[in-house]
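> Spelled out from the first residue to the last, the chains are:
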Amino acid sequence: MSRSVAPLPGRDGRARRHLRQRWFRYATGALALLVVVVVLLIVQQLWVQSRPTWSEWGLGFLVRTTWNPVQGEFGALPFIAGTLLTSLMALLIAVPISIGIAILLSEYAPRRLRDPLIFVVELLAAVPSVVFGLWGIFVLAPLVQQHVMPVVAASPLGLLPFFGEPGPGYTLFTASLILAVMIIPIIASLSREALMAVPRDQKEAALALGATRWEATRHVVLTYARGGIFSAAVLGLGRALGETMATTMTIGNRVNLTLDYFQSGYSMTAIIANELREAASEIHVSSLVAIGLVLFLISFLLNSLGRLLLMRTHTPGT
Amino acid sequence: MDTASAPPRALRLRLRHLRDRLLVALCLVALALAVIPLVWVLWEVVGVGVRHVSWEFLTTLPQPPTVGGGGWANAIVGSVVVVGMAMVMGVPVGVATGIYMSEYGDNLLGKSARFLSEVLAGLPSIVAGIVAYGLIVVTMGRFSAVSGSAALALLFIPIVAITTQEALKMVPGHQREASFALGVSEAATTLRVVLPAAMGNVLTGVMIATARIAGETAPLLFTAFNSRYWMEGVDRPTATIPVNIYSYAISPFEHWHQQAWAGALVLLAMVLALNVAARTLWARRARFMAGD
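Chains as they are written, first to last, in the working numbering: chain Y, 1 to 318; chain Z, 1001 to 1292.
Certain hints may be false.
Straight line, CA to CA, 25 Å or less: simulated SDA-like cross-link-like pairs of lysine to any residue [as the list claims (entries may be wrong)]:
1) Z:1111 with Y:304
2) Z:1169 with Y:199
3) Z:1111 with Y:115
4) Y:203 with Z:1017
5) Z:1111 with Y:37
6) Z:1111 with Y:193
7) Y:203 with Y:118
8) Z:1111 with Y:301
9) Z:1111 with Z:1092
10) Z:1169 with Y:22
11) Z:1111 with Y:305
12) Z:1111 with Y:25
13) Z:1169 with Y:308
14) Z:1111 with Y:230
15) Z:1169 with Y:23
16) Z:1169 with Y:115
17) Y:203 with Z:1169
18) Z:1169 with Z:1104
19) Z:1111 with Y:44
20) Z:1111 with Y:40
21) Z:1111 with Y:41
22) Z:1169 with Y:44
23) Z:1169 with Z:1136
24) Z:1111 with Y:22
25) Z:1111 with Z:1193
26) Z:1111 with Y:118
Treat the hints as calculated values from the structure; they're not laboratory data.
Only chain Y is shown next, with the shape it has when bound in the complex:
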């Protein structure tokens, strides 16, 4: 050792040694803190940019129904309604399908088949939203218009207030169908994890009592995993609400407050996508950002709720 002078003991030396040992922890911690700061920054940005709208109309903005950039009249209700209608319909379609897939993959499929099938379902999640939108415009919308809407309208479902006269191809209904396809992968894979987390002995006990595989699945596995499946649905709903391109390209983009799925409508994401880049007046920009803030808050709540439920329903490491 060539060092002749040992570091002096005392506060200084100890602090330096402490820093030398711990700097990496602090450096990575600083970047982790950045993630927390980013979330605060998002909230701050959305709030500051949407201030004029809130001071003009307050929370009344959420229930106002006019949207007229020329006269400077803005209200969010048609967009909130369009987003909720399409997302809930998508959820209604996607949840049963996803549970079916999850049951098949976790309870029935032989191992050899399971991995490739999981792979395929995950690929579905990897297809970019704009590609679904392109397919929606040129393939799904004409098909829905010509072959699906007339059938639904003629069936008993047509008596419901949700399904009126078959309209154009670009409707709330078309957007709901695309959203359903897009959220199936996340709901299916989270539900599958919930089903896989059910202790084997629970299911085996049911089988030993003479239950068929389906009875064991339904009464034991599904009961045990229902919390996990519920949170999967909540997270899927969060995805559907925030989905932009596929919705924008198929929903019809008409400011139209309606419960009729066979009419064109608008969604919160679509109005932002269509108008933010060309919005000229301050109040127009701030109204679009205000819609973004509402969207952020809803999806933040749904994601937090979904994650908290997941944490409570199954232990990490499964």
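Based on the hints, put chain Z in the right spot on chain Y.
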């Protein structure tokens, strides 16, 4: 045993088994309902796209719709640059956050970072665009590639942070203990022992996150915007493949629709290649570690 009740009981048993079969069939139908759209989308994109992808499409600038021909070379370059810059911003933050959460994160900061990463991973992508718009586009006074990258980085970081944390957690604790026992510092233990052991899975996470942001359109509409020319700088509006697909698809020109399909094929090929590569890498690592 009461023989009189035997036939109904046997019948009931058969009915129960029949119902078992029936519900399996229903599950298969559910799987088909998910897989059919996927195959259908792939079929259309490949079938239509392949007819319109050409050397000209990949290497020349766009032409006005009335002229015909032309290509998306500027958008392909633009996408690579915008996504590349997002990775430059996002990889250090994402990986470092993942390291902190896994190695030192058993505290308030670590837990909040994890929770917020999960919440951010579900952030509507258009909201990331609004934030970058407010912070960069409004400040600079014009649309720019770098604002698009910032928006994409917001989406990229949480995915990488979470996958990095999961990857590092899979490294057995005794490797860390052995390193500490030899007197190796915290930094060197993480960077030279833990991170190399988990590198395959960390890269998988980075690749999946890259594939995700490469297809993002919504946050780029009002950040990177669009351009008909070669990229003039990272502070200028820039064309990207996803935004082009959108604006060409909603245009009234048949010729542009065809190019939108060609662009979708290029984008899908890139995204799926990244995903397939990432997942085969993951599978190999998992097998390797299991056999270790």
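> Evaluate each hint against the coordinates.
Do the hints match the structure? See the list:
no., hint, verdict
1, Z:1111 with Y:304, "holds (13 Å)"
2, Z:1169 with Y:199, "holds (23 Å)"
3, Z:1111 with Y:115, "violated (32 Å)"
4, Y:203 with Z:1017, "holds (17 Å)"
5, Z:1111 with Y:37, "holds (14 Å)"
6, Z:1111 with Y:193, "holds (22 Å)"
7, Y:203 with Y:118, "holds (22 Å)"
8, Z:1111 with Y:301, "holds (18 Å)"
9, Z:1111 with Z:1092, "holds (19 Å)"
10, Z:1169 with Y:22, "holds (20 Å)"
11, Z:1111 with Y:305, "holds (16 Å)"
12, Z:1111 with Y:25, "holds (15 Å)"
13, Z:1169 with Y:308, "holds (21 Å)"
14, Z:1111 with Y:230, "holds (23 Å)"
15, Z:1169 with Y:23, "holds (21 Å)"
16, Z:1169 with Y:115, "holds (23 Å)"
17, Y:203 with Z:1169, "violated (30 Å)"
18, Z:1169 with Z:1104, "holds (11 Å)"
19, Z:1111 with Y:44, "holds (22 Å)"
20, Z:1111 with Y:40, "holds (16 Å)"
21, Z:1111 with Y:41, "holds (19 Å)"
22, Z:1169 with Y:44, "violated (33 Å)"
23, Z:1169 with Z:1136, "violated (36 Å)"
24, Z:1111 with Y:22, "holds (19 Å)"
25, Z:1111 with Z:1193, "holds (24 Å)"
26, Z:1111 with Y:118, "violated (30 Å)"
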